[in-house]
Amino acid sequence: MDILQQAQQELARFHTRRHFLKKCTAGLGSIALGSLLGCHSSPAQDALLSLTQPDNPLQLKAPHFSPKAKRVIFLHMAGAPSQLELFDYKPELQKLDGQRCPPSFLEGKRFAFLKGVPNMLGPQATFRQHGDSGATISNYFTHFPEMVDEVTFLKAMHTDEFNHAPAQLLMHAGSPRLGRPSMGAWVVYGLGSENQDLPGFVVLVSTSDPSAGKSVWGSGFLPTVYQGVQCRSKGEPVLYLSNPGQVDPAMRKKSIDIINEINQKEYEEVGDPEILSRISQYELAFRMQASVPDVMNINDEPAWIHEMYGTEPGKNSFANNCLLARRLVEKGVRFVQLFDRRWDTHGVGANNGVDQALQEACTQIDKPITALLKDLKQRGLLEETLVIWGGEFGRTPMMETRASANFKGRDHHSEAFTMWMAGGGIKKGFTFGETDELGYYGIKDRVHVHDLQATILHQLGLNHEALTYTFQGREFRLTDVHGKVVKDILA
Amino acid sequence: MKIHRHLWIIITCLSITLGILIFFGLFQEEKISYNQEIRPIFNAKCITCHGGVKKSGGFSLLFREEALDTTESGQPAIIPGHANESELMRRVRHHDPEMRMPLEAEPLSEKEIDLLRTWINQGALWEDHWAYIPPHENIPVPPTDQPGWAQNDIDPFVYARLQEKGLQPAPEAEKDVLLRRVSLDLTGLPPTWEERQQFLQDPAPDAYEKVVDRLLASPRFGEHWAAMWLDLARYADTKGYEKDLGRSIWQYRDWVIHAFNKDMPFDQFTMEQLAGDLLPHPTADQYIATAFHRNTIANDEGGTDDEEFRIAAVLDRVSTTWEVWQGTTMACVQCHSHPYDPIRHEEFYQAFAFFNNTQDRDIYNEQPKLFTYAEENEEQVATLINWIEDRLKTPPSNSSETLLHDHRNKLLYQLGYRKVEAEEFDKSSRFIELTPPDQESVWQIQDSSWILFRKVDLTDIEAISYRYASPYSGRIQVRLDSASGPVISQTRISHTGKPESEEAWSQWNTKKVSITPTAGVHDVYFTFGIDRHYTSDLFRLDWIFYHEKHPGWTSRGNHFQEQVMKLEQVPAIETPIMRERPPAEKRKTQVFTRGNWLTPGEEVVPSVPASTGSLPAASTPYNRLDLARWLVSPENPLTARVIVNRFWEKIFGFGLVETVEDFGTQGTPPSHPQLLDWLAVQFRDTHQWSVKKLLKQIVMSATYRQASHTTPEKLAQDPRNEWLSRGPRIRLSAEQIRDQALAVSGLLSSKMYGPSVRPPQPESVGDWGTSPGEDQYRRALYTFWHRTNPYPSFITFDSPGRNVCVSRRIRTNTPLQALVLLNDTVYFEAAQVLAEKMQAFDSESVTQRLREGYRMVMLREPSEEKLKSLEKLYQAAIQHYQQPTKPNSIAKPVSTRIKTTQVEVKDHTSPEFLALTLVANALLNVDEFITKN
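Taken in sequence, the protein lines are chains B and V. Here our numbering is used: the first residue of the first sequence is 46, the next is one more, and so on. Here our numbering is used: the first residue of the second sequence is 153, the next is one more, and so on.
Take the hints with a grain of salt, since some may be wrong.
[Stated by the list, open to error] Pairs of lysine to aspartate or glutamate residues, derived as DMTMM-like cross-links and limited to a Cα-Cα distance of at most 20 Å, are as follows:
id, chain 1, residue 1, chain 2, residue 2
1, V, 845, V, 224
2, B, 489, B, 142
3, V, 197, B, 520
4, V, 844, V, 365
5, B, 299, V, 365
6, V, 197, B, 510
7, V, 207, V, 224
8, V, 207, B, 520
[Stated by the list, open to error] Just so you have them, the derived chain V footprint on chain B, three or more residues with Cβ under 8 Å:
id, segment
9, 156-166
10, 266-275
The set of hints was computed from the structure by calculation and includes no laboratory data. For each residue, glycine too, the CB sits at the ideal point set by N, CA and C.
Kindly produce the complete structure, drawing on both the sequences and the hints.
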């Protein structure tokens, strides 16, 4: 942008701001909560406000083209679940169980822990076809098969990284190195937020933070306003949300009134339009103090919903987070990211194999993910909500005998893994991609992580090549210089 | 030159397109400037397809020789002197939209086409980009017709621009506003009330200058400016990625503070950080300075390829060096020639070659490191060394070791006290980790793992001792020269505590094992294997001790032995540093095809991008020191400009070049090119790279001292204060906001330096071992910087993650910031302390107390209106808190950590105290508090 353009834009921005202030806060003496709240109390009015307040970085922005999905729920299974026990059934691998790995699989390949010539490990689960689509699902899931006809399986996913942190960064920020914005940050940067009382990008973590830490929901070089806001179902729902000491909501409201009154006087004195922005941020902070605990409080859900998800209020669980995800998208939160870290099944101990331990992990998510899809569907939300499930890479068909042959483990594997997507304009009851008979390589319709990202953005109405931000002299984008939309899976 | 300047000014002018037309009408015969007329057209309309990445049709406009070269059509597109025969002219005017350039875009305007034609007819001459032409050494200060305004030579430059824009400067800011501004700008902290009174009452004409000098001399100065530099240095206290273990590198942070405080000239500052290890006889401080480039992120995750992450670190060092000193964006050149700037793909790897020969290689223990001692320990070590050496017949020579720790090592070795920390191995197999969090022992996580120590003299060694802990059992073998080499010693390690119990990990045993007599120097491998148990971890190893047959340290009696052991046990502080590999092990640097390290291409040697100059001829290959010297040489066109602009940006909120990180063709052109160049030359030549002198010059200017008030008219003309028609009004940084709240409440600790501290975090973030006492109230820059889990309130106020170099923090204005200031215990505690002070103020009048509160926080008198607002809040709160307590579900308990102040407040639950707390809390939230006015 040249200086001329920039200046004109700034000027326009200044005038609209003044206009906004005049129109909406007739009596500025009483700029208090009411007056600004009165300006927008419904999502439609929020959108209107954004138009008159173009300096708001979370204002609704037009997508590049008509979107199929408005919101995203990304269920990330940190640690990387084994595709070979869950979705990618390989009877041939069963036959080779315990035999030496063919050298062709090892030449020129880099693994995290495998060494020498390992043995093959047959699938530890049993498989059956389900639904009209006949999707093959393992016996580790008992509920999820009910929903397979809503889902597209991507069976030949692949990535470039075979260590957790870089692979998670690649999955969520498009690059294995630290410092890039995450997908949710890009999406909110591109589309803004539908609900101005809640963050546009919310993160929910069960167990502990993923390997790559909070960087997988960071804003990188984008302004920090786009970073994911971690909400908690236990304790303070958002950091710093609760009033301290004996400050209660009534006193908090009064004090924000006064803060803004003083800010208003300051504005009259010095004329800096930034102060007006600060006034509206304090209004919003107060609204968040009510709206966030409200949306995070699942006590008011009926018993049958709790039963369906397997939720227990006040607990930090994946089930609770699934229910919260639904509540958040219902309120117009743009991007909800769940992290669940219990999937790194190397078999380095009894509680760490692809047999019992993995089955147990599946039990923890089976009911909640099924309930989430059902619930979204019954509320008519699934149509415009894109749900994605998967880990950061897959696991090897070879057995990792780091500790003992008694523990069934698989090493990290970047060449092939399964993810699934549902809703948001994705085909129902569809399987895309195929791996070889051992589940080692994708042999048909491979989808790279960057392709997945391009597809997610595409469903949201964003062209992944056009959603860019200039940093260090370069126009960066989520998909780096790669990525192709996977058209074949679009409904 | 003069005409060019006018040209430039007119083009950037906001309103007079007409003026440009007239101008071209009048100066048709004038020489067309490539930089001012042609480059902008190429950059905006052509270069994305005809540049560094894509050379559509075999045609590129990046370099003249490329532009005049034959294209795919077999003809050159530009024939100098012959516009009509040039394909370029034909294509920009083509009637067929398939042929017309730019493709699928608006055609060029008639004016642009005319410019191109004239330029080609005049010979199609190229010019270097403005930033690659060194600034003139004698730029005259423009004459000014308003002699009363200017305070120094910065002002006429600014005034000239204001006049061109039809703007007038603002009057000088009120004294107390100015004092707070300059205090925050130079030291990051507000003044005290006493300092304010003193300044207001000082009638001397140089009262302000005295204040500036006092601030420049304050130790707080270095702490403030270090924060800026640490963003560039991507300083953090952890390594990043999955494990994100601690890194002991705080001595580098202290070095930066100290360098700013003692006003180390910037050229020296540069050389020590980039190549301190290559200076003659480097001091410990000069080694510590090189930690600048050891702040790169490192990956300790199991199963990672160390070479991959070593290369990632070197790539980052190249990008960071060029961003920090050259305002040049090298990151894109990693994969291909620069799309916009004249930097070729191989030139990135020539730059890479400077940094590719250091010893560090992403291993756990972060070698190479420098070991130093805290002041009190240093003395003890020196005393012990002297005592021991006094008793030896042939003490090791003092002169060869400049570093105390090296001296100590040499002495201990000579005495046969050969203890080696297990974690200081030279190399290890994949299944070795260092035990978190202190990383002071080796942890075998899998069978058949090993650690290697290079070049160990085994002559006369008869046994080896190990210190280890384990709930399991296993064995250690010592092998020579390879992990499968001959075994010279073997031992079984059995569990140290209850078998398979957690507590066994902290029960350490020592075991002595004899070895096969072995002569000479060897690479020694310690290999670890399982015994009976199958487990993912075997045991932990703390240290190894080589027993000599006749060690010197045991032959002089018990007291002597004790002194030797004491010497060995004095704790050292470690800091990762840069060290060059010896010439024999020099790494070869190759171009990475498309940036991928697994596909190396042609070999290159160290050099700098040709478009920005060249290194002086030398007989030996260039190294980092040559690079550092070149960066601060008068021949370098960029460094002085880039650095001056960085300081300017911190003071005024925007740089003279707004894109402080990019002085290339895609960056914004300077708003005041003459001022930028003049100031750069002042900094380099007149001030001899003195940062304090530069900053003094800036803050002494009338430009800086202007009031920041504005009017709708001024905002319309100069919305972002680009033309400096008023003083800066900028929200404070994350660090400043916290420090200020602690300062005005009197909680701030003035303790300097040392390991990073952990102030309280919100409970839901988890326990991070909150520091006790005073360390909770240290300045923000001492806060432990945890890369994957950074201090949340700093990130909310736009701190970067410190994973990569960040030149500019983008200021945002969000509701989460409001929540931090309203509710974070740090700010609430400050409010409580302020309330105590207000309550203790010697007056019965509430108004007086509130006035006193406002004064303490804002360092100025409140307006009557603002005071009334505070009173309203106070009265409402008093009434509220006098009512019987209502159940309140979301309130947290009152902070119990109120620091004992000199003030006596008996009742922390009285309505008065609660109301005053609420008022103080509001004061810490108003815009004027978190803004530099």
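Worksheet item: Of the hints given before, which are not true for this structure?
Response: Failing hints, ascending: 1, 2, 5.
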